[in-house]
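Just so you know, the protein sequences line up as chains W and Y, in that order. For the first sequence, our numbering gives the first residue as 1, with consecutive numbering after it. For the second sequence, our numbering gives the first residue as 1, with consecutive numbering after it.
Since the hints were derived computationally from the structure, they do not count as laboratory data. The structure presented is a predicted model; accordingly, all values stated were derived computationally and were not measured. Heads up, a few of these hints could be off.
Facing chain W, a subset of chain Y residues (Cβ under 10 Å, in silico) [unchecked claim]:
| # | residue |
| --- | --- |
| 1 | A65 |
| 2 | D196 |
| 3 | L200 |
| 4 | W292 |
| 5 | Y293 |
Quick reminder that beta carbons are idealized off the backbone N, C-alpha and C, glycines included.
Spelled out, the chains give:
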Amino acid sequence: MIQLDAVSKVYPTRRKGAVQALARLDLRVEPGEFVTLVGPSGCGKSTVLKLVSGLLAPSAGRVTIDGETVRGPRREMGFVFQTPVLLPWRTVRDNVLLPIEMLGQSPGPHRARAEDLLEQVGLSDFATAHPWELSGGMQQRVGICRALIHDPAILLMDEPFAALDAMTRESLGIELLRIWEERRKVVLFVTHSIAEAVLLADRVVVMTPRPGKIAGVVSIDLPRPRTIDQQYDDRFEVAAREVRRLIEHGGEAHGGR
Amino acid sequence: MAVGNPGGTPVEPLGPRTELDGRTVPVVGAEVVDEATPIRARGLALPSDWSRWAAPLISFVLIVAAWQALVVVARLPRFILPAPDAVFAAFVGQFPLLLSNTWVTLLETLAGFSLSIVVAVPLAILISSSSALRNGIYPFLLLGQSVPKQAIAPLLLLWLGYGDGPKVVLAFLTAFFPIVVNTAIGLQMTPPEMLDLARLLSASRWRVFAKVTFPAAMPYFFAGLKVAISLAIVGAVIGEFIGADRGLGQMIVLFSANQRTDIAFAAIAMLSLLGIALFALISLAERVVCPWYDKAS
Numbered sequence: 001m002i003q004l005d006a007v008s009k010v011y012p013t014r015r016k017g018a019v020q021a022l023a024r025l026d027l028r029v030e031p032g033e034f035v036t037l038v039g040p041s042g043c044g045k046s047t048v049l050k051l052v053s054g055l056l057a058p059s060a061g062r063v064t065i066d067g068e069t070v071r072g073p074r075r076e077m078g079f080v081f082q083t084p085v086l087l088p089w090r091t092v093r094d095n096v097l098l099p100i101e102m103l104g105q106s107p108g109p110h111r112a113r114a115e116d117l118l119e120q121v122g123l124s125d126f127a128t129a130h131p132w133e134l135s136g137g138m139q140q141r142v143g144i145c146r147a148l149i150h151d152p153a154i155l156l157m158d159e160p161f162a163a164l165d166a167m168t169r170e171s172l173g174i175e176l177l178r179i180w181e182e183r184r185k186v187v188l189f190v191t192h193s194i195a196e197a198v199l200l201a202d203r204v205v206v207m208t209p210r211p212g213k214i215a216g217v218v219s220i221d222l223p224r225p226r227t228i229d230q231q232y233d234d235r236f237e238v239a240a241r242e243v244r245r246l247i248e249h250g251g252e253a254h255g256g257r
Numbered sequence: 001m002a003v004g005n006p007g008g009t010p011v012e013p014l015g016p017r018t019e020l021d022g023r024t025v026p027v028v029g030a031e032v033v034d035e036a037t038p039i040r041a042r043g044l045a046l047p048s049d050w051s052r053w054a055a056p057l058i059s060f061v062l063i064v065a066a067w068q069a070l071v072v073v074a075r076l077p078r079f080i081l082p083a084p085d086a087v088f089a090a091f092v093g094q095f096p097l098l099l100s101n102t103w104v105t106l107l108e109t110l111a112g113f114s115l116s117i118v119v120a121v122p123l124a125i126l127i128s129s130s131s132a133l134r135n136g137i138y139p140f141l142l143l144g145q146s147v148p149k150q151a152i153a154p155l156l157l158l159w160l161g162y163g164d165g166p167k168v169v170l171a172f173l174t175a176f177f178p179i180v181v182n183t184a185i186g187l188q189m190t191p192p193e194m195l196d197l198a199r200l201l202s203a204s205r206w207r208v209f210a211k212v213t214f215p216a217a218m219p220y221f222f223a224g225l226k227v228a229i230s231l232a233i234v235g236a237v238i239g240e241f242i243g244a245d246r247g248l249g250q251m252i253v254l255f256s257a258n259q260r261t262d263i264a265f266a267a268i269a270m271l272s273l274l275g276i277a278l279f280a281l282i283s284l285a286e287r288v289v290c291p292w293y294d295k296a297s
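Throw the hints in and build the complete structure from the sequences for me.
Okay, structure coming up:
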């Protein structure tokens, strides 16, 4: 379980003095939960991910994982970035195995797992291809495999599909859900897209503009496994509308949950 | 082999063919493999194949013809400007002499160039490894670079004598800067996401360097080498200008003084051939070491 208690984050900047990215933010993510974070640009969504991963330390407040305070970078995190950032000199499979090597382990025993992951995202035939031979969507799939290779307990995704076209984006989202159903990791997923947020999540956390707080949380009770067609479901509409309302009038609502 | 056999090739060759098809199908059929592929292929074909080699050849011929015409029409004496045919004749006639002097200049150049790699790369690693080191070293690099290398050539002669020393040092000094700067920049081009990933997995600095930072810097390193190799030749030649008893630079000085401009020009032509050859070698090495580079961008 991930818990953020009254977490604030202040960035010192050279010109404008300190910028407050997050102000006393509270958030709880239950085991196995898929949570999406939406909000306007610069509301500190990415900061939340970095705080949870331990890449950043909060200025005030506390981040705990399973009751343990986060004090530094943690290995049990898988991180998917907005761009795939694959290493062009490595094959697809060796890119997936990079975290294993960074952990100082021999990649050999993990090769089967890498191929298994690639198969799940439909890239079996590309294991020995190089990143430049892949489309953007395929590259991002590799990025997801790389994030999962060391079997992290928590998957942090920072607008992973933002650079993709709408169709690829939808199908990748559904693919991600399929992988997630199998493993039930905690997923914290940052996005700009309301539709994406609602389609994927158990709960959508809406954040306010800077300094980021929680404008509201919308529980999505669409049945799983989710399908793209659920976007035309009434419950989807209601949830999406509520998310939009929170984004637009978030400041007027009370913060917190 | 199967081609020569009209109807009589039933099962045997079909096996490998389907296998081959099985391998190509996913590549071709994979969801719009990405629209970049056909565009890139078209881009390669656009400056249609023949013009890639014919166009430079035509301009070369035109320039040489204009030069020849100028010399003939203006009746320029040979010691002022020899015509291309005279230069060519000198090139052929003096070929053994040119070759032995080329060898000398080549060795000086390569010695200085290698030395500059050996010194520049570790220095670039130091510069890129911490901002304190960068701030400590960089200003002095810039200061050193602001000194024209030719200006210290006479001093090098004083210190190191007439031998190969001043030439090698000048080649080293001129080649050194672009390698340091480019490599240092390349070493700082590691995507920040990669560094985050490394921190999450608490990878050691060395491991990140070996697996990510250093290979990522390779294209920049080679860009530096490409600039540096031409400069190394310049350095060696200047060293020979100041004082030498052999080398292409010395040949140019000697034969210009003797009004054998045709031979001087032949030596200049040899120098540029040397430059082209070394540049091509580095390009080749680049393609071997980082084959991804032109494809990835």
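Do the hints match the structure? See the list:
1. With 10 Å as the threshold, the beta carbon of A65(Y) stays out of range of chain W, its nearest partner Cβ sitting at about 43 Å, so the hint is violated.
2. Because the smallest distance between the Cβ of D196(Y) and any Cβ of chain W comes to about 6 Å, under 10 Å, the interface hint for this residue holds.
3. The closest approach between the C-beta of L200(Y) and any C-beta of chain W is roughly 5 Å, which is under the 10 Å cut-off, so the hint is satisfied.
4. For W292(Y), the interface hint holds, since its Cβ comes within 10 Å of a Cβ in chain W; the closest pair sits about 4 Å apart.
5. For Y293(Y), the interface hint holds, the least distance from its beta-carbon to any beta-carbon of chain W being 8 Å, beneath 10 Å.
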